[in-house]
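Chain by chain, the residues:
There are 2 protein chains.
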Amino acid sequence: MSSQGIVLFGHGARDPRWAEPFERLAARLRGAGESAPHVSLAFLELMTPPLDAAVAAQVAAGCTRVTVVPVFFGQGGHVRRDLPQLVDACRAAHPGVEIRCATAVGEDDGVLDAIARYCVDQLGSDA
Amino acid sequence: MSSQGIVLFGHGARDPRWAEPFERLAARLRGAGESAPHVSLAFLELMTPPLDAAVAAQVAAGCTRVTVVPVFFGQGGHVRRDLPQLVDACRAAHPGVEIRCATAVGEDDGVLDAIARYCVDQLGSDA
Chain L
1 MSSQGIVLFG HGARDPRWAE PFERLAARLR GAGESAPHVS LAFLELMTPP
51 LDAAVAAQVA AGCTRVTVVP VFFGQGGHVR RDLPQLVDAC RAAHPGVEIR
101 CATAVGEDDG VLDAIARYCV DQLGSDA
Chain V
1 MSSQGIVLFG HGARDPRWAE PFERLAARLR GAGESAPHVS LAFLELMTPP
51 LDAAVAAQVA AGCTRVTVVP VFFGQGGHVR RDLPQLVDAC RAAHPGVEIR
101 CATAVGEDDG VLDAIARYCV DQLGSDA
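Listed in order, the protein sequences are those of chains L and V.
Take the first sequence: its position 110, counting from 1, is numbered 110 in our numbering, and each next residue is one higher.
Take the second sequence: its position 108, counting from 1, is numbered 108 in our numbering, and each next residue is one higher.
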């Protein structure tokens with residue numbers, strides 16, 4: 001398995017069903033075969049594990065590079081203020097590991113295109 | 001212009017920059033030319049307008065069918081509990097208008113595929 005890890009970082013919610021798309025996303029990423037990264041979920045609040053625990057588990061599993069992807073639509077306070085502090089704490093805890101942080105998924109053009117297609121499909125349906 | 005309206009319903013956040021992807025999504029949907037639906041944003045909290053105001057504005061603009069698309073990743077309490085009540089109130093206020101509600105965008109396979117692609121791209125980059 002790859003020495004790369006990816007942590008899908010979401011807000012968290014009280015209803016456990018909220019996490020289902022995150023689980024499906026993780027399963028897609030794990031399906032890449034030999035080259036698949038280690039994939040973990042982590043949450044800001046209301047769900048576990050928190051980011052530090054998810055990163056520590058990836059490091060313990062041998063990851064030398066961990067990429068945190070904020071599964072948020074926009075770059076609000078959670079992504080701009082809370083997440084950098086959490087990532088810095090992870091870097092301090094694992095100085096030999098490269099820990100990177102991506103931009104929120106909702107800022108990606110490909111993701112926005114897919115959401116726009118979904119919206120148009122909803123209009124066309126008479127169901 | 002179409003008599004169809006679409007309302008992109010998001011959670012809302014304190015940081016106004018959080019709404020940027022929603023604005024970009026709305027712009028994409030408005031770019032469909034003559035057949036473009038009326039497109040509005042609405043928010044559960046922390047941002048305006050609320051859903052009832054957005055729907056009322058679409059009805060005032062001549063929409064006879066309004067589709068509410070929850071721009072949420074998962075179907076948690078906000079989508080399962082809060083939103084149906086808000087939509088029911090809109091239906092009661094506009095009995096001659098068909099008001100429909102889609103599933104959260106994060107439940108769509110095409111959206112999840114796009115997010116997965118974005119995640120893989122982050123791994124491959126050395127930036």
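Honestly, the hints are just simulated from the structure, not real lab data.
All residues carry an ideal CB built from backbone N, CA and C; glycine is no exception.
Mixed in with the good hints there might be a few duds.
[What the hints assert, rightly or not] Partial pick of chain L residues on the chain V-facing surface, computed with a CB cut under 10 Å:
(1) ALA13
(2) ARG17
(3) TRP18
(4) GLU34
(5) VAL59
(6) GLY62
(7) ARG65
(8) PHE73
(9) GLY76
(10) VAL79
(11) VAL105
(12) ASP109
(13) TYR118
(14) ASP121
Results of checking the hints against the structure:
no. : hint   : in the structure
1   : ALA13  : holds, 4 Å
2   : ARG17  : holds, 6 Å
3   : TRP18  : holds, 3 Å
4   : GLU34  : violated, 14 Å
5   : VAL59  : violated, 16 Å
6   : GLY62  : violated, 16 Å
7   : ARG65  : holds, 8 Å
8   : PHE73  : holds, 5 Å
9   : GLY76  : holds, 3 Å
10  : VAL79  : holds, 8 Å
11  : VAL105 : holds, 5 Å
12  : ASP109 : holds, 8 Å
13  : TYR118 : holds, 5 Å
14  : ASP121 : holds, 8 Å
In the structure shown, a violation is registered for the earlier hints numbered 4, 5 and 6, in ascending order.
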